[in-house]
Amino acid sequence: MIRIPVVSRQTLLNNSMPQSRSVRPKLLAVSSGGGHWVQLLRIKRAFEDCEVTFVTVHQSYRAQVSDHKFYVVNDANRWTKFALLKSACQLAWIIWNEKPDIVVSTGAAPGYLALRFGRMMGARTIWLDSIANVEQLSMSGDRIGRCADLWLTQWPHLARPDGPHYIGSVL
Amino acid sequence: MIFATVGTQGQFDRLISTVDRWAGVNGRADVFAQTGPSDYQSEHIRTERFIDPTEFRNRVEAASLVISHAGMGSIITALELGKRIIVMPRRASLGEHRNDHQLATAKRFAQQGRIAVAFTEQELVDKLDQLQVFDKTERLSAQASPDLISTIRTFIESGQFRSESRNASL
Numbered sequence: 001m002i003r004i005p006v007v008s009r010q011t012l013l014n015n016s017m018p019q020s021r022s023v024r025p026k027l028l029a030v031s032s033g034g035g036h037w038v039q040l041l042r043i044k045r046a047f048e049d050c051e052v053t054f055v056t057v058h059q060s061y062r063a064q065v066s067d068h069k070f071y072v073v074n075d076a077n078r079w080t081k082f083a084l085l086k087s088a089c090q091l092a093w094i095i096w097n098e099k100p101d102i103v104v105s106t107g108a109a110p111g112y113l114a115l116r117f118g119r120m121m122g123a124r125t126i127w128l129d130s131i132a133n134v135e136q137l138s139m140s141g142d143r144i145g146r147c148a149d150l151w152l153t154q155w156p157h158l159a160r161p162d163g164p165h166y167i168g169s170v171l
Numbered sequence: 001m002i003f004a005t006v007g008t009q010g011q012f013d014r015l016i017s018t019v020d021r022w023a024g025v026n027g028r029a030d031v032f033a034q035t036g037p038s039d040y041q042s043e044h045i046r047t048e049r050f051i052d053p054t055e056f057r058n059r060v061e062a063a064s065l066v067i068s069h070a071g072m073g074s075i076i077t078a079l080e081l082g083k084r085i086i087v088m089p090r091r092a093s094l095g096e097h098r099n100d101h102q103l104a105t106a107k108r109f110a111q112q113g114r115i116a117v118a119f120t121e122q123e124l125v126d127k128l129d130q131l132q133v134f135d136k137t138e139r140l141s142a143q144a145s146p147d148l149i150s151t152i153r154t155f156i157e158s159g160q161f162r163s164e165s166r167n168a169s170l
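Line by line, the protein sequences are chains A and H.
In terms of the numbering used here, the first sequence has 162 at position 162, counting the first letter as 1, and numbering is strictly consecutive.
In terms of the numbering used here, the second sequence has 83 at position 83, counting the first letter as 1, and numbering is strictly consecutive.
These are calculated hints, taken from the structure and not from any lab test.
If you're wondering where the values come from, they're calculated on a predicted model, not measured in any experiment.
The beta-carbon is built from N, C-alpha and C at its ideal position, and this holds for glycine as well.
Computed list of lysine to any residue pairs in SDA-like fashion (alpha-carbon distance at most 25 Å, straight line):
#, chain 1, residue 1, chain 2, residue 2
1, H, K83, A, G168
2, H, K83, A, R45
3, A, K81, H, G95
4, A, K81, H, G10
5, A, K26, H, S158
6, A, K69, H, P53
7, A, K86, H, Q9
8, A, K69, H, E157
9, H, K107, A, G168
10, H, K83, H, T8
11, A, K69, H, D52
12, H, K83, H, N26
Not the full set, but computed from the structure, chain H residues with beta-carbon under 10 Å of chain A:
#, residue
13, D52
14, G73
15, K107
16, S145
Computed footprint of chain H on chain A; a stretch qualifies when at least three of its residues, placed anywhere within it, have a C-beta under 8 Å from a C-beta of chain H:
#, segment
17, 36-45
18, 57-63
19, 123-131
20, 162-170
Throw the hints in and build the complete structure from the sequences for me.
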């Protein structure tokens, strides 16, 4: 796994939006393919008041969010170091350019990277662990707990007092 | 119309070949399968290695039954469209996935009674033979649970995580 130095962590849980804005907050919604993407779409109503940019791994998903800005990054997981590095570079570039106020992800590796970069840039971060993680949190989910301001699981039996929290699921 | 799908991550010929043989035995000419990166030569069903998300959704919509690996994309889409679904989990020991999380997902969902699960090829054949025992699946709403949506929305707006729901969940 690539180690990314955490430059700044003082942005934890501001009471107001980072930088007061009269415009809508910028939200970056990131996921890899398949079930992660389907789950991200199922919570997108929560982003209604935001200017949303989607980041995922397949160009063919664009049509499902045609009203929004859309980026594709390299698909990667923690077993493919080179792909992961490529993905990390693309995400760093996107986050540098977009400067989102909020970064949300449903997993997996690209979402983890996006949260870490987002955090460095002062964004508020949200991680919703995949409903496919039934017996344990995903590894990136477990790591991400330490850099997600809001850390959620979709299974009550996986919730812990210090996070992840269970509020409900995408189903 | 029966739609079989195994996602994009790798071949799952154990499922595809079982469905193919079953279609042959039962003379079903209305089976379409998305096979992933597979070289399996089907004899009785039409196949495509990959289809785009729009076609995927259309195929599920047109199907009376979905047969799939235990991937959340397939399961959620089938439930959203109110389709009966039989899943067969991929197994790491057979090189079908990196780990056995599909097994855990399948077990948990089967307990909830929302989907049918076949843990082996024979169970899949048995479940296909008993198609009529399924009731029609109730359509899932188009969005996640309202609590989850409002919690995320509140957090986006204020950075606050509602403590009352937190307490309720612990």
